[in-house]
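S.K.: Sequence lines, in order, name chains A and B.
Position 115 (the first sequence) corresponds to 115 in the UniProt record's numbering; numbering is contiguous.
Position 124 (the second sequence) corresponds to 124 in the UniProt record's numbering; numbering is contiguous.
Since the hints were derived computationally from the structure, they do not count as laboratory data.
Because the structure is a prediction, the values reported are computed rather than measured.
Honestly, I wouldn't trust all of these hints.
Which copy is meant is left open, because identical chains are indistinguishable; a pair holds if it fits in one copy or across any two.
With a straight-line cut-off of 25 Å between C-alpha atoms, the simulated SDA-like cross-links for lysine to any residue are [as the list claims (entries may be wrong)]:
id: 1; residue 1: Lys-149; residue 2: Asp-210
id: 2; residue 1: Lys-372; residue 2: Glu-265
id: 3; residue 1: Lys-371; residue 2: Leu-342
id: 4; residue 1: Lys-174; residue 2: Pro-355
id: 5; residue 1: Lys-389; residue 2: Ser-421
id: 6; residue 1: Lys-205; residue 2: Glu-247
Number of protein chains: 2
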Amino acid sequence: MKFLKKILEEVKPSEEEVRELKEVANKVIDKIKEFSDNSVLEVLHLGSSARNTNLKNDFDIDIFVLFDKSLSIEELERKGLELGKKALESLGGSYVISYASHPYVKGKLGKYNIDIVPCYKIEFGEKIISAVDRTPLHHKFLVERLNEKLCDEVRLLKAFLKSLNIYGSDVKTKGFSGYLCELLILKYGSFLNLLQDAQNWRLRKVIILDDIYKIYENPKFKEFDDPLIVYDPTDLNRNVASPLSKENFCKFVYYSWLFLSEPKEEFFYNYHKRLEEELNEREHGFIVKLEFPKEEVDDIVYPQLEKLEKSINKHIIKNDFVPIRSKCYTTDNYCYIEWEFLVYELPNVKVIEGPPIFAKERVKSFIRKHKKTFVKDCKLCCYEERKYKNVLELFKDILNKKVPIAKTKHISLEKGKLIWSQVQ
Amino acid sequence: MKFLKKILEEVKPSEEEVRELKEVANKVIDKIKEFSDNSVLEVLHLGSSARNTNLKNDFDIDIFVLFDKSLSIEELERKGLELGKKALESLGGSYVISYASHPYVKGKLGKYNIDIVPCYKIEFGEKIISAVDRTPLHHKFLVERLNEKLCDEVRLLKAFLKSLNIYGSDVKTKGFSGYLCELLILKYGSFLNLLQDAQNWRLRKVIILDDIYKIYENPKFKEFDDPLIVYDPTDLNRNVASPLSKENFCKFVYYSWLFLSEPKEEFFYNYHKRLEEELNEREHGFIVKLEFPKEEVDDIVYPQLEKLEKSINKHIIKNDFVPIRSKCYTTDNYCYIEWEFLVYELPNVKVIEGPPIFAKERVKSFIRKHKKTFVKDCKLCCYEERKYKNVLELFKDILNKKVPIAKTKHISLEKGKLIWSQVQ
Numbered sequence: 001m002k003f004l005k006k007i008l009e010e011v012k013p014s015e016e017e018v019r020e021l022k023e024v025a026n027k028v029i030d031k032i033k034e035f036s037d038n039s040v041l042e043v044l045h046l047g048s049s050a051r052n053t054n055l056k057n058d059f060d061i062d063i064f065v066l067f068d069k070s071l072s073i074e075e076l077e078r079k080g081l082e083l084g085k086k087a088l089e090s091l092g093g094s095y096v097i098s099y100a101s102h103p104y105v106k107g108k109l110g111k112y113n114i115d116i117v118p119c120y121k122i123e124f125g126e127k128i129i130s131a132v133d134r135t136p137l138h139h140k141f142l143v144e145r146l147n148e149k150l151c152d153e154v155r156l157l158k159a160f161l162k163s164l165n166i167y168g169s170d171v172k173t174k175g176f177s178g179y180l181c182e183l184l185i186l187k188y189g190s191f192l193n194l195l196q197d198a199q200n201w202r203l204r205k206v207i208i209l210d211d212i213y214k215i216y217e218n219p220k221f222k223e224f225d226d227p228l229i230v231y232d233p234t235d236l237n238r239n240v241a242s243p244l245s246k247e248n249f250c251k252f253v254y255y256s257w258l259f260l261s262e263p264k265e266e267f268f269y270n271y272h273k274r275l276e277e278e279l280n281e282r283e284h285g286f287i288v289k290l291e292f293p294k295e296e297v298d299d300i301v302y303p304q305l306e307k308l309e310k311s312i313n314k315h316i317i318k319n320d321f322v323p324i325r326s327k328c329y330t331t332d333n334y335c336y337i338e339w340e341f342l343v344y345e346l347p348n349v350k351v352i353e354g355p356p357i358f359a360k361e362r363v364k365s366f367i368r369k370h371k372k373t374f375v376k377d378c379k380l381c382c383y384e385e386r387k388y389k390n391v392l393e394l395f396k397d398i399l400n401k402k403v404p405i406a407k408t409k410h411i412s413l414e415k416g417k418l419i420w421s422q423v424q
Numbered sequence: 001m002k003f004l005k006k007i008l009e010e011v012k013p014s015e016e017e018v019r020e021l022k023e024v025a026n027k028v029i030d031k032i033k034e035f036s037d038n039s040v041l042e043v044l045h046l047g048s049s050a051r052n053t054n055l056k057n058d059f060d061i062d063i064f065v066l067f068d069k070s071l072s073i074e075e076l077e078r079k080g081l082e083l084g085k086k087a088l089e090s091l092g093g094s095y096v097i098s099y100a101s102h103p104y105v106k107g108k109l110g111k112y113n114i115d116i117v118p119c120y121k122i123e124f125g126e127k128i129i130s131a132v133d134r135t136p137l138h139h140k141f142l143v144e145r146l147n148e149k150l151c152d153e154v155r156l157l158k159a160f161l162k163s164l165n166i167y168g169s170d171v172k173t174k175g176f177s178g179y180l181c182e183l184l185i186l187k188y189g190s191f192l193n194l195l196q197d198a199q200n201w202r203l204r205k206v207i208i209l210d211d212i213y214k215i216y217e218n219p220k221f222k223e224f225d226d227p228l229i230v231y232d233p234t235d236l237n238r239n240v241a242s243p244l245s246k247e248n249f250c251k252f253v254y255y256s257w258l259f260l261s262e263p264k265e266e267f268f269y270n271y272h273k274r275l276e277e278e279l280n281e282r283e284h285g286f287i288v289k290l291e292f293p294k295e296e297v298d299d300i301v302y303p304q305l306e307k308l309e310k311s312i313n314k315h316i317i318k319n320d321f322v323p324i325r326s327k328c329y330t331t332d333n334y335c336y337i338e339w340e341f342l343v344y345e346l347p348n349v350k351v352i353e354g355p356p357i358f359a360k361e362r363v364k365s366f367i368r369k370h371k372k373t374f375v376k377d378c379k380l381c382c383y384e385e386r387k388y389k390n391v392l393e394l395f396k397d398i399l400n401k402k403v404p405i406a407k408t409k410h411i412s413l414e415k416g417k418l419i420w421s422q423v424q
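Can you build the whole structure from these sequences, using the hints too?
M.R.: Structure follows, in structure tokens:
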């Protein structure tokens, strides 16, 4: 596959880029060290840019400040933020305070995005205190094993996944994390080897790195009910692939097969976008959207949108309307849930299927509850008036909170706007 | 249940009526005997009017001419018709030739409908030659066992079934034959006893008359897969209840229970009509009818209409339209199949669900056949253009024979007329 070389050239940062990024990282590290007291044991440049597995035009620099375990979590947070702020200020950068498992400094220095994250320094096999304490261990594990060739294979994989829109373990993407990509390449040796195997994966595929047997004497593997299970070599109780959705697992398996059966460059160039455009070139059903003001970042808003979508879908189906698809998405200022309907209008009449006529007790209570009963297919049935003849009536009642919908903290139905259009 | 006495009075023929009918029957019998040669062994008045189990205003007289078994079937038919014609002519009646298993004379004498049916005289346990040879045996079995009281119970049962529209074993009604009613009363002793038991019947209910064990030394019961199985005491290979549909069996069980739990006179007065009217007082879906000229009698036309209905329903469902109900009916000159639709209009777009992405061979052939494929719920799917956006387009193609529909001998699609109305 000759074109892979070309792809790699396009996605790999130049030596110039790499050197410049390293310089910036070191400058930040030096500054942090300058302001540190002896509770700071190490300051490290971690993440893909530190391991040479990042893609071109990725200007993310992760700096981890490793504190002594004797420090309280409050002290760690306070000191971590202070060091981050001071370092960025003195270098002329800007920053905001962001929250993951604990607060950290999200800075900007020229074109570089610099995260300064405090954590505890722990050793291999030790229990973590904060969720990010594992990151230095991940880095150590990887740098000891990745060489230049493997790093390039990681980049190809990332580019492939990105083009399929399944790269990233955030709640919106539900795809492959960078760390997962690196582990997969360690396991299979190359991008193509991975795909060769992946095309035959089945749900609940389990991957165990050989190194795990070298590190642990009697490795105990926790059971996971995920589509893909890749044990974290630094913690066997953790599945690195747990954020990957079943849907995206299937996409990876399918497109691995499709790519191998007819390798084409186009798989690396925004494949999902072009697929979506192609799929969208068709007559549409009735489109209904709910629009909400976006009051939080994607990471917080997406799970709530999906919860809402699921809850509303139940009512759509209960009322006999038929969606062809539904999806959530956000823009800078708004969140959307969108439906396309096959059936959005129905006559008033509804048949309710009751119990088999042989089940006397249930028949009795059915007769008590319903009028106009009749026997059909050995069951007692009845006609009833439909509550919603048009799906828009249902949506209006949803926004007016007349329908019991799952509660969401950062999306309020009363702020929702109903948008619809027959033809797109 | 006092009102049962009143009901019985209303449905039982007067003594006057009975005497007059018997006189007419005897007159016909005498005439037939007058014209008979010695191949005629007996001439009998059979059927419910002969057994005193008929309802008021039922003027049907069945006269059976029993021939010697040595006669050929052609001779039997010829002689049977000749005798019937002659007898009716000489009495000043009219007639037509009708066909059941073989031709017979269907006559009219004043208000009386007189069937003159030739058959072979056979004995109990002997093999029948023509299908109607059993009738004299049925009659013999019944008259030996029915008394005045039981005959009245049969009448109550018939009236109840008639009101529910499940009396009659013709292909249109698919209900209880008169003979079946008489056997059921023999078994249970009374109308109410029967209902008491019937309310707890389950599908494949088996009923064996005690007399069968007296008649046969080692009775062998054939297995039947019918909702109700009542062995014919004159032929254990025959299920008297075989024409009864599952639907009507369930109706009988259900309405037996409903009647007993709240006995009301209204169950005897056209109950099904009033139920239907009540059910019809509602908003309707989109109604579509196919109208065909009626070229044959109900007995011939109904099974064909139902075959057509079934075949068309397959296409309706295949094309994603949703009927709420469908039915066949006839008038004097026309046959109809009628549908009421919940969903009769759809957008152009259709999602076709393909194989699971793991089934490579099926995936390959799906890709060959379809464009615009995508992964959804672990399956390969695609969008396709719908052939029919409105169900009327489908019906037009059906009438134009562009859709493969089951062939029917006496209903031709090209003579069909499409009728529709949104509101009734």
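S.K.: Each hint should be assessed against the structure and marked as holding or not.
M.R.: Each hint, compared with the structure:
no.	hint	verdict
1	Lys-149 with Asp-210	within (19 Å within a copy, 91 Å between copies)
2	Lys-372 with Glu-265	between (64 Å within a copy, 19 Å between copies)
3	Lys-371 with Leu-342	between (31 Å within a copy, 20 Å between copies)
4	Lys-174 with Pro-355	between (42 Å within a copy, 24 Å between copies)
5	Lys-389 with Ser-421	both (17 Å within a copy, 18 Å between copies)
6	Lys-205 with Glu-247	within (14 Å within a copy, 49 Å between copies)
Of the numbered hints given earlier, the model fails none.
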